[in-house]
Amino acid sequence: MDCLEFRRRLGAEPHGRDPQMLAHREACPACTAAWEKAQRFERDLHGALDVPLPEGLAERVLLAQATGERQRQVRRRRMALGLAASLLIALGGGGILWRQAQAHTLPALAVAHMPGEIGALALTRPLAPAPVSAVFAERHAALRGPLPIDTTYVHACDVGPYRTVHLVSHPDGQPVVVLYVPTKQTSARRDFQREGWLGREVPLEHGTLVMLTNRGDRRPFDAVEQGWRVAIDGLGDNRVSEF
Amino acid sequence: MKRPVPVFSQVDSRQRQFEALTRAHAGDLYRFAYWLCGQDALAQDLVQETLLRAWKNLDALREAEAAKPWLLTILRREHARLHERRRFDTTELDEDLAEDAAWASPERHGDAAQLREAMHKLPHKYREPLLLQVLGGMSCEEIAAELGQQPGAVMTQLFRARQKLKAILHGERPEVQHGLS
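Heads up: the protein sequence lines correspond to chains V and F, in order.
Taking our numbering, the leading residue of the first sequence gets 1, the next gets one more, and so forth.
Taking our numbering, the leading residue of the second sequence gets 1001, the next gets one more, and so forth.
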């Protein structure tokens, strides 16, 4: 390393510890003097740059950070509460809509119809076919097969918006309410339970049959369903002519 | 069986790390910012913006030794961003110093004061690498990486920075004042 290179390196890195620089400095008195002068300049420069710090700088930064963080937490908490409230409102609203929708199903309307007709369950004397057929005719409903012989009550009732034939059958001495809704088509046969009543909804060819009992036993439903299915839809080739 | 670390403990450790970072480096950051922009209030704003940005990205800091260069990088970016936004006042050094509380000390007079004045007058392209070396403690290679330049070019800038400082001290006219020019 020559003096020119040493001075160039010294000007760029006064604190450099490169072995070649150190060796040249040891060997060259002029460069040693230049190095000492450079060190003094660096000390002065460092001292000049060492400006006094503003009082409480770090604390002010920490305060700003803590305050901002706290605000973010408050905002996050408010947002979470808002979301929870929205969710509750949505669930509540959904629940109300669901209840309203449920209240207008055929099983719900059938059960709601029962209090005014509860006395019909006590009737035990079988009816002749004629009054039963008359009510079906009033509802413009077809009968294609023989009527069940255990029918003890018949009436043309309005159940919600539906014009129905309200019947009571007595298979094995247990009263079963039968509501035939000629204008209502349901998609599937299903059992239900509402307000102390056991029930079954049965889709027929041109309407729906709803059976109800408050005696806690669904077993008579099968026989009653079969009897009224034959009476209303007919049975294969034995179907009778429409009313 | 390894027990899960509670959430509040993680939050506390992050907060503690940030407090330690702030207390350890706020001074260095202020000095660097002050010599970068030449204004006390702006330097304090820069320090605050830098540390708040560091708080948001604290998880990116993996080693304590890397903290200072990491913070200096953030500060330089914040300075460039501020400069873009506000277009700094590039007034002469003397006008700034007259209102600057940081200078209301006996040190104002003498060699240190002259050096400070000379430092303010040093063009930005020389001042920044010199500050990274003297205040940031970075080597030529580290400065080159920070500025996106070749180490040889940085060496030349550092050499010229000192030459120009000495020239200003000997009464030559300054070329450029503060800012990014």
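Careful, some of the hints might be misleading.
Pair ranges (Cβ atoms, derived) [unchecked claim]:
1) Ala1167(F) x Ala33(V): 14 to 24 Å
2) Gln193(V) x Lys1056(F): 19 to 29 Å
3) Asp1059(F) x Glu36(V): 39 to 49 Å
4) Ala1167(F) x Leu22(V): 24 to 34 Å
5) Gly1148(F) x Ala85(V): 30 to 40 Å
6) Ala1041(F) x Ala85(V): 36 to 46 Å
7) Gln1015(F) x Thr32(V): 46 to 56 Å
8) Ala188(V) x Lys1056(F): 30 to 40 Å
Here are the simulated DSS-like pairs of lysine-lysine, each with C-alpha atoms no more than 27 Å apart in a straight line [stated by the list, open to error]:
9) Lys37(V) x Lys1125(F)
10) Lys1125(F) x Lys1068(F)
11) Lys1166(F) x Lys37(V)
12) Lys1166(F) x Lys1125(F)
13) Lys1125(F) x Lys1164(F)
14) Lys37(V) x Lys1056(F)
15) Lys1068(F) x Lys1056(F)
Computed footprint of chain V on chain F, listed as stretches where at least three residues anywhere in the stretch have a Cβ under 8 Å from a Cβ of chain V [claimed, not checked]:
16) 1068-1082
17) 1114-1127
18) 1140-1152
The set of hints was computed from the structure by calculation and includes no laboratory data.
For glycine and all other residues, C-beta sits at the position ideal for the given N, C-alpha and C.
Going through the numbered hints above, which ones does this structure break? Give me the numbers in ascending order. Of the numbered hints, 2, 5, 8, 14, 16, 18 do not hold.
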